[in-house]
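Undergrad: Chain by chain, the residues:
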Amino acid sequence: MWFQSYWPGMKADVGGKAASLGEMTGAGLPVPPGFAITTGGYRRAHDEADLDATLARLLHGLNTEDTDMVSRVCSEVRDAIRTMPLPGEVEAEIRRSYDELCRMADTVNLPVAVRSSATSEDSPDASFAGEHDTYLWVRGGDDVVDAVRRCWASLFTDRATCYRVVMGYEHRSVEMAVVVQKMVRPKSAGVAFTLNPSDGDRSVVAIDSAWGFGEGVVSGEITPDNFLVDKVLFEVSKRNVSTKESEFVLTDHDTVEKVDCDAAKASEPSLTDDEIKAIARLARSAERHYGSPQDIEWAVDLDLPDGENIILLQARPETVWSKKAPQRITEGQNPSDFMASIVSTLVNPLHARKK
Amino acid sequence: MTERFPSPFEVPSPEGASDWTSLYPYGLVFSEDRKDYEDSVFWFQDGMHWPDPLPPWDASIIDLAFGALSQYNSRVFIVPPANGLSVRLLNGYVYLSPVPADPADIEKRAGMFMERAGYYFMNWNDLYDKWMLKVRALVGRLEAIEIEPLPDFEDFSVVQEGHGKTSGFDLYKAYNDLLTAVAEIWNYHFEFLNLGYAAYLDFFGFCKTAWPNIPDLAIAKMVAGVEVDLFRPDEELKRLARLAKESGVADAFGSGDVETTCETLKGSEAGRAWIASFEESAEPWFNFSTGSGFYHKDKIWIENVEVPFDFIKNYIDKLNKGEDIARPLEAIHAERDRIVAEYTELLASDEDREAFQGKLGLARVVFPYVENHNFYVEHWTHSVIWRKMRAIGSVFVKESFIEQPDDIFYMHRGEVHDAITDLYTSWAAPEPARGPKYWPPIIKQRRAMVEACKKQKPPPALGTPPEVITEPFTVMLWGVTSESVDGWLGAADNADGSLKGMSASPGVVEGVARVIFSPDQIAEVQEGEILVAPLTAPSWAPIFGKIAATVTDTGGMMSHAAIVCREYGLPAVTGTSFATSTISTGDRIRVDGNTGVVTKID
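Residue numbers (our numbering), protein chains in the order written: chain V, 246 to 600; chain C, 744 to 1345.
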């Protein structure tokens, strides 16, 4: 299932994580593009490999008190899942979808993140969701297929397995969907607030931006460029381009590290005007979607075409200004007494007040 | 602030114009008689309406106009903090000084203002309808003034009908009527204007308080009318371009020469129909000046048909390229509604929403006047006044008082009256008039003096600026703020050569500058260039489709220039004071309409 084709009826088949990504994509909040392998995929692989028989054999007589035994047995189960053959159709579908993602980003062996997407968040399994695996910077169809099986295998962590045994749940009742999502490779990244943090003005989006990954902006290690964009006309009303002496980049070992930024690039704006406006629109959409001022993390992706390259990484409610009681603009005035207001405008004009 | 501008008494006369004060009525120039007052206040130059030194008769409009402005503040509506504006000429340039009310009187004045201005706001549309009738009647009376050379003998009808008055008297009266009309139209001009700006300012202030970072453009867009008379001349050009294409006569504009085009048009039925349609648009819409309307030399479309023809040709070229030249009215309406709805949504309480709607409503009631009066007064009525004055000039030419009709504009208001009296009485006697010997050398000398004044740049201001400029209209209409005054004072130290002005219309653009000083140079402007000019007039509208941005020496956010730039969605920085003197054609410049900064780049 591609994120953009998600609809709420699919939630049970794709799990919470994929559902939320699909919902955001549908609401115009562009998360990194990707797809989900539904629980159906897992179920078919499960059935075709006759996993029930394997599970029954391996887990027979498991003593949940015996940690050595639990550890050994569960490890065998996970190995079995990691090595089980996939039904041809399922594997082909995964590879086809991954190739499509590569084509979209115009990149061979596109790095992706492969993560599990728990199906029943209300069930006790949800409490083990954190243990379900996430694989970053996975490249190539073979590795993607392998990572999908590893995710499935994470249903059988020691704790989850023991829990089911103790509670008397059937192992075959648990299912898992898996999300495959493009790794973001940011040209620039940063944060955005759907109000002006310095005066609380809700008619603007404030953007902080720097080259490379957003870590430096979030931690404050880099002094970012700063832009203020009107929410209604999307005009850039203020711009403050700083000297960004370093940037966070991806190393050969798939880690993100801080390196020096060359002098010319350091003083360049890290966003074009079109990108600034697109980020502001994205922030505004997030605010509308969640119904309150938001604090978002975003990135401009290097691999995606213009117009699709602004990516939402995270959105959370803004907490400082949102908690203040809004102040009435016409405090102490009768809103319908326009003459009194005009007199005060003339006697105490705005431009003089600002000084 | 210790820094100050030169005193009016310290500025030297231009070389070759030491006697410049003789060009103008005595009350309009700085003088020792009022030195104590004139040296005690702050003056700023009005280059927005009067970018060039004034010919003597053109100055006739000024004191009447400012008298009209001032009286509504001081004697009619009693604007609490502000009386009128003093106006003076220095080396041919116009300087203004706001006259504040005594702070002790503000409370008393506020009571009167609320009653009087309140009445106008409550009855605005009825009063505006009356205004339109008054103005149209006045233009009608002006058009009806007949100016004829004096006959050898009066027609027999003068006797038969017992006129009891002669052609000499008619000429005398025609000029007096013309002068009265100038005073009258300027009374009408300011009948609503200051109140209109006050209501707009109030809405503006509310928006800036609610959303400190709201772009001025957003406020203007919420208020601006969609179908505005000031844009009507441009709309008529577009209509005529479409008509030419639809009726198959567009090729006639290929020659680029008016006479050839007209000949070609007259040769066909469709062409003649097009000409008839042009003439229908022309009255009144092409009584449109290519300048501010304040100079006799400003070209008026109806009298310089090559100007509208050129614009029409441009539009035909665009149509031929398949471009859509129509203003998308529905989209503009929808956009205006969207902007209002989104800002309303950003307000936190019902009281604020009610106040917002109320102020927006009032601003929209008053704004048509603010937008439209300019066409009716500065363009239409002035066009007729200049035409009638030239007709009197022609009578003077016939009697050898002057060499060409436009020479009349080198006499000042009272002198034309004296010359007509000279002509009239000498015709009556008959005896030799003094005029033919008296005027030609004076006019020659005065033409030279006005030219000499042009060569000396006027200081942007005179005297000591106040700590804070609080006079609301100064800021709104002229764009003079404490910041711009600081900018003028510090301009000489600006090492990077950047200029600071008003962010009149947002957006950032880099490009090649084209500096032009008069509407005659409009044709020099190339596609994609940045227009740099002392000011821009609404009638330049058709070239706004060509340029990338605008920078002007003068003007504020509600100046006519700013309104048109926003309409065309071009970045604009106004009120930079020094753009035309520091930027040259061909310079690459960056115009930041968001911050109001203009920078030279290499």
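What the hints contain is simulated information worked out from the structure, not anything from laboratory work. Small disclaimer: the values here were computed from a predicted structure and weren't measured. Where hints are given, some of them may not hold.
As the list claims (entries may be wrong) - So, partial list: chain V residues that the calculated Cβ filter (under 10 Å) puts toward chain C:
{"id": "1", "residue": "S448"}
{"id": "2", "residue": "F583"}
{"id": "3", "residue": "A585"}
Claimed, not checked - For each label pair, taking beta carbons as the anchor points, the in silico distance ranges come out as:
{"id": "4", "chain 1": "C", "residue 1": "K988", "chain 2": "V", "residue 2": "A508", "range": "49 to 59 Å"}
{"id": "5", "chain 1": "C", "residue 1": "K1198", "chain 2": "V", "residue 2": "V486", "range": "33 to 43 Å"}
{"id": "6", "chain 1": "V", "residue 1": "E338", "chain 2": "C", "residue 2": "S1241", "range": "52 to 62 Å"}
{"id": "7", "chain 1": "V", "residue 1": "D519", "chain 2": "C", "residue 2": "K1289", "range": "55 to 65 Å"}
{"id": "8", "chain 1": "C", "residue 1": "Q1269", "chain 2": "V", "residue 2": "D518", "range": "39 to 49 Å"}
{"id": "9", "chain 1": "C", "residue 1": "I1075", "chain 2": "V", "residue 2": "H498", "range": "19 to 29 Å"}
{"id": "10", "chain 1": "C", "residue 1": "K1289", "chain 2": "V", "residue 2": "V486", "range": "54 to 64 Å"}
{"id": "11", "chain 1": "V", "residue 1": "V486", "chain 2": "C", "residue 2": "Y769", "range": "35 to 45 Å"}
{"id": "12", "chain 1": "V", "residue 1": "V501", "chain 2": "C", "residue 2": "T1338", "range": "44 to 54 Å"}
Built from N, CA and C at the ideal position, the CB exists for glycine as well.
Undergrad: Please go over all the hints and tell whether each is borne out by the structure.
TA: Going down the list of hints, with the structure as the test:
1. Taking 10 Å as the C-beta cut-off, the interface hint given for V:S448 holds, the closest approach to chain C being about 4 Å.
2. A hinted interface residue such as V:F583 counts as satisfied when its beta carbon comes closer than 10 Å to some beta carbon of chain C; here the least separation is about 6 Å, so the hint holds.
3. Interface restraint check for V:A585: the shortest CB-CB distance to chain C comes to about 7 Å, inside 10 Å, so the restraint holds.
4. Separated by about 56 Å at the C-beta atoms, C:K988 and V:A508 satisfy the suggested range of 49 to 59 Å.
5. Separation of C:K1198 from V:V486 is about 42 Å and conforms to the stated range, judged on CB atoms against 33 to 43 Å.
6. Range check, V:E338 to C:S1241: Cβ separation about 60 Å, and the 52 to 62 Å hint holds.
7. Between V:D519 and C:K1289 the beta carbons are some 24 Å apart, a value that contradicts the proposed interval 55 to 65 Å.
8. At roughly 24 Å, the beta carbons of C:Q1269 and V:D518 sit outside the given window of 39 to 49 Å.
9. Between C:I1075 and V:H498 the beta carbon distance is about 56 Å. The supplied range of 19 to 29 Å is therefore violated.
10. Taking the beta carbon of each, C:K1289 and V:V486 are about 31 Å apart, not inside 54 to 64 Å as hinted.
11. Between V:V486 and C:Y769 the C-beta distance comes to about 56 Å, which lies outside the given range of 35 to 45 Å.
12. Remark: the range hint 44 to 54 Å for V:V501 to C:T1338 is contradicted by a beta-carbon distance near 35 Å.
This entry does not satisfy hints 7, 8, 9, 10, 11, 12, going by the numbered hints stated previously.
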